[in-house]
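S.K.: Protein chains in written order, with the numbering used here: chain A, 212 to 667; chain B, 83 to 343.
Hint data in this document are derived by calculation from the structure and do not stem from the laboratory.
The C-beta atom is built at its ideal place from N, Cα and C for all residues, glycine as well.
Treat the hints with care, as some may be off.
Covered by chain A, per the in silico footprint, the following chain B stretches (three or more residues, Cβ under 8 Å) [unchecked claim]:
1) 107-115
2) 127-133
3) 153-164
4) 180-189
5) 197-211
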Amino acid sequence: MLDLVLINGEAKGIIARNLTNGKIERFGAHAVVLASGGYGNTYFLSTNAMNSNGSAAWQCYKKGAFFANPCFAQIHPTCIPIHGDQQSKLTLMSESLRNDGRIWVPKKLEEAKKLQEGKIKGSQIPEEDRDYYLERRYPAFGNLVPRDVASRAAKERCDAGYGVNNTGKAVFLDFKDAIKRLGKEVVDARYGNLFDMYKEITDVDPHEEPMMIYPAIHYTMGGLWVDYNLMTTIPGLYAIGEANFSDHGGNRLGASALMQGLADGYFILPYTIGDYLASKFKEPKTDTNAPEFEAAEKAVQEKIDKLMSIKGKKTVDAFHKELGHIMWEYVGMARNKAGLEKAIELIQELKKNFWSNVYVAGETGVFNQELEKALRVADFLEIGELMARDALNRNESCGGHFREEMQTEEGETKRDDVNYMYVAAWEYKGADKQPELHKEPLKFEFAHVATRNYKD
Amino acid sequence: MNFTLKVWRQRDAKSKGHFETYQVKDISEGTSFLEMMDILNEQLIGEKIDPVAFDKGCHGNQSGPVSFDHDCREGICGACSLYINGRAHGPESGVTTCQLYMRKFKDGSTITIEPWRSRGFPVIKDLVVDRGAYDKILQAGGFISVNTGGVPDANAIPIPKKNADESMDAASCVGCGACAATCKNGSAMLFVAARVSSLALLPQGKIEGARRAKAMVAKMDELGFGACTNTRACEMECPKHITVSHIARLNREFLKAKFKD
Chain A
212 MLDLVLINGE
222 AKGIIARNLT
232 NGKIERFGAH
242 AVVLASGGYG
252 NTYFLSTNAM
262 NSNGSAAWQC
272 YKKGAFFANP
282 CFAQIHPTCI
292 PIHGDQQSKL
302 TLMSESLRND
312 GRIWVPKKLE
322 EAKKLQEGKI
332 KGSQIPEEDR
342 DYYLERRYPA
352 FGNLVPRDVA
362 SRAAKERCDA
372 GYGVNNTGKA
382 VFLDFKDAIK
392 RLGKEVVDAR
402 YGNLFDMYKE
412 ITDVDPHEEP
422 MMIYPAIHYT
432 MGGLWVDYNL
442 MTTIPGLYAI
452 GEANFSDHGG
462 NRLGASALMQ
472 GLADGYFILP
482 YTIGDYLASK
492 FKEPKTDTNA
502 PEFEAAEKAV
512 QEKIDKLMSI
522 KGKKTVDAFH
532 KELGHIMWEY
542 VGMARNKAGL
552 EKAIELIQEL
562 KKNFWSNVYV
572 AGETGVFNQE
582 LEKALRVADF
592 LEIGELMARD
602 ALNRNESCGG
612 HFREEMQTEE
622 GETKRDDVNY
632 MYVAAWEYKG
642 ADKQPELHKE
652 PLKFEFAHVA
662 TRNYKD
Chain B
83 MNFTLKVWRQ
93 RDAKSKGHFE
103 TYQVKDISEG
113 TSFLEMMDIL
123 NEQLIGEKID
133 PVAFDKGCHG
143 NQSGPVSFDH
153 DCREGICGAC
163 SLYINGRAHG
173 PESGVTTCQL
183 YMRKFKDGST
193 ITIEPWRSRG
203 FPVIKDLVVD
213 RGAYDKILQA
223 GGFISVNTGG
233 VPDANAIPIP
243 KKNADESMDA
253 ASCVGCGACA
263 ATCKNGSAML
273 FVAARVSSLA
283 LLPQGKIEGA
293 RRAKAMVAKM
303 DELGFGACTN
313 TRACEMECPK
323 HITVSHIARL
333 NREFLKAKFK
343 D
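Chain B extracted, bound-state conformation (with noise of 0.2 Å):
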């Protein structure tokens, strides 16, 4: 497969950003996204060390490998964050960039790749982006630090399936970001709803609910982070499928814990 590749450049945060253009070729369908991206640095990397002899018709303008954030490239980290084509991870529903394959996309065809666009998480290179206003937001209550103890009996304190299967999808939320970077307002709630939700819901998160609560939405807010208005974008953009009903528990706790102030 070939592709034509629309790629935000940047410096760095304080230096202004351009699209460059670049070709792949042979790129064979089961190669993943990101694995798409490596090639094209081993092109632009080729075209730097002999521009004659590496020739693949990339036409890299010279400007070095594109940065792109990546780690464990199966969806658990939350690392890659790649607006492709318009939409956080691009046009599949359920994966993050790095659980993209090459197939979902039509051979020929010109893709654009930006980096998250929301004012909490600035650039700090290319498609690389500073996430961490979401480590700020789970330090500021994302945490129980109550003392567990000595190992209950597993019968004393019985959690219903419901809220324990419940509390686990929220905990699979991984911090990608994609949330707030689709929302409209640049919004995280649906990130700090997650976190909330899935330690309200368990028995050893519940002591500390209404300091979580208040202290995570009061950090979001600081960092710049806009309002929720129920668009529900987040959602149709989260790579783990989270629900904006961890929302609504989330503005449940908010407001009970400001009623007990």
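Chain A extracted, bound-state conformation (with noise of 0.2 Å):
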């Protein structure tokens, strides 16, 4: 979907491009939905399919409907680490393995060193030598604290030095006390096929050596802006799942966002968005031959023939890398002010030397994989400015946005609820101008809002 098209303000049909052929489409409609999940890939390496992309969602938000709380990424603790600049993707180990597994590091630096050098394995490091850092500083929640907890958690041990591989970004994930006290088959018919999966891409078997994991992108919690009848700020406009903002607040839970998926495509929305097309009732048919339509798909077009005419110095792959090396180092794990504003400043002058020095290449009108990464890509570049942007304004650490100054001594997350419970949303001013924020504040009538406690 490379457009919505918007007949007197309402949603009314999309301009796409057939991945098949590469012809341009129009589809009309009396709603649109949108189900086509979250921005993630932004980052470029992530846990996300290859294909996944923001984009659609990106047209509806340049279209008018409002984007809540870009900043909010869920970053996984449990994916295999990042073995070279040669990889395309990273590949998730399902957190189940956290409820038998111990998360661990060295105690002695020294040690870890000899690990990154390759010197010694895990295995040969003595129980006493072992900094099992979750049950150490979250004991009552030991190695099954929440995603992004978890995740700080390891980033702030390797930050420190006790890395376990040779890039010093991994820690380790050891089933060594569970096969003792369980033993092999139990284990195995729990997790066997992880294992299997964990050996054929490491070439290391977890039975013998512990696994090794690190964070990575795994979702977005943010997305297009919805009302309890999953509508946008575009009357008919519709977004479910991932691609709106509505169920997750700052830190998506595991397995909820299959409860989402149930809960927008099977209980809500069949039920809500009849109430709208009961208001459209006596309207005709949707013409794509409409004005509105023709002016989409030309927009579309030049787009395209803008992209295929640069015929620069750089590949796509190539700007997508450099947007994800920006977005990982100043809008990741940690962000803090000086840095986001860096990034802002980064990603403008590498959009602005996308649009001048990309090559894509093949044609227009035909299958063409090239020219799909370079639709997406130019959507993402303009993604992680306002993730980058929306995270600047959140002076505060909340869910899975981590502020550096907004911490506690013991480098907890430190939320400030008196100037920003609220969801952001922000409205799309122009190319050149600053998106406008609007605040939806959060009342909590039944439950009351706390700090989380992993300790005791």
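Starting from two chains that each stand alone, build the complex the way the hints lay out.
M.R.: Quick look at the structure:
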């Protein structure tokens, strides 16, 4: 989907590019439902599928739908670490592994160093020299603390030099005790397929050696702002699932993306969209020859032609990787004012460079995967900037968003409920203008707001 | 690691295809097969941008990047469909192409890469085939359309663990198409069997069992897939280890349905 078509301010259809034959197609309707997923691939490396992208939601944002809490991205603690710059994606190891696996790094820096140099193996480090840092810091929850907490704790240890692989960016997830306690058979019945998968990727058998894991981008809680009927700020445009911002606040919990899929798609939308459609009952079918469709298609075609005509010196992937580095460095697990300001600057520069120096191979009007990618990266560059802008605005640590300026002495997150208890909904104001921030205050009538505590 | 790649190039469904030979160098052992293809493509695009500055000895013949299908890159989506050295998903058993790593190949060897070979899967471009036929078979009956109603008590309809496990095994089919691409008859039986079996083993799926088996088999035949002659090649190449015992269940379901007619 490359554009949303509005007629008299209402969503009446979309412009799409047929991936198989490259043709631009028009689809008219009485309403539009987006179920297009999140924008985690802004970071280039993520656990998302390679083709997952934020473009559909982004076009709607540019047509007037508010984009809410873009800075809330979830970083999952149990992914297979990055092995080098040839990598295209990060594989998620199921969170269930944390039920029986124990997470640790060495207590002594010199042992971490030896691990990094490949001189010793994890299994050679004696019990008393292991730092089960989650169990140490969060005795009440141990290895089962929520994702953001586990991720930050891993980063903290690795930043301090205790990482256990050649890049220094990995921690151990150990099943030694589980195998001793439950036996190999029980452990295999529970995690056998995951162990196989791990061995396939890393060539290491997790029965013998502890697994290595590191956090990676996994989910984006932010998305198009919707009301309780799941309608965006554009009449007739609905957004469901990860494409909207609605269910997870600042921090999605395990398995609740499935919950949202069911809730939005099965229990809510089928009942709420009828209310809107009822008002359109007597309207004829949307005519895709209307001038609005004409204009939208023309704009899409111009964008494609522009991309193809640049014929610059850098590949689409090279731009995407560079954006990913900026995002992970400054808009990743820990963010601060100076870094976010720098990120915005760098992204704007990169965007300018993209539109003057990208090389999109192949032709238009046919199957062309490079063009697909280029169209998505063009949007990721803009999404990344809004994420940084939102993260800069939210000067508190909340859910998956951690501002270094806002932490307790023990390095835990510190919210600022007085100033930031609101949904940040951004409105597009034009290509060279800053988006406008709208605040939807959060009122809690039944549950009271508290600070999370996993220590006791 | 260095490799010589013989890659199938085909402009579109109607054009005649051919092999082109490329070189890739300095590939690390932990690189996945598809990442190696990414590296190849970056080189091929680079040569188009500036043949001298980007020359990495790949000898791209100026035909641009190689199209290949992929999405999740962790063995779940079933999109990656490559015939590698004459085998679906390459030399490893029990993995999809995206889960194949370069350490499984000998340094300096030649790797032949082709698209799925089956009448049911026409080539779209290079290594990308149209696997829409599997969607059409699914649409013919691979679903449950009875209203589930309210949630029953958990113990109202007991399901033996063996059935639940077997159903789950069948449901692990990702619809990649390796079974039909491997089969000498181009039969999609293992795919259809996995879908029919996973539903037939559970109470929700039983109700429409007869209609489902007939409709899916009819659609499979209609789309030009061949018949099963029990050579079990599909089972060998299935990345999800789906066994032919599910084909036995499909046959049983199909016969049962036909006798009722």
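S.K.: Given as covered by chain A, does the segment 127-133 of chain B meet the bar of three residues or more with CB within less than 8 Å?
M.R.: Holds: 5 residues of the segment 127-133 of chain B have a Cβ under 8 Å from chain A.
S.K.: With a cut-off of 8 Å between beta carbons, are at least three residues of the segment 153-164 of chain B near chain A?
M.R.: holds (count 6)
S.K.: Under a C-beta cut-off of less than 8 Å, do 3 or more residues of the segment 197-211 of chain B approach chain A closely enough to confirm the stated coverage?
M.R.: holds (count 3)
S.K.: Do at least three Cβ atoms from the segment 180-189 of chain B come closer than 8 Å to Cβ atoms of chain A?
M.R.: holds (count 3)
S.K.: Are three or more residues of the segment 107-115 of chain B within 8 Å, CB to CB, of chain A?
M.R.: holds (count 6)
Hint check: no violations occur; every hint is consistent with the structure.
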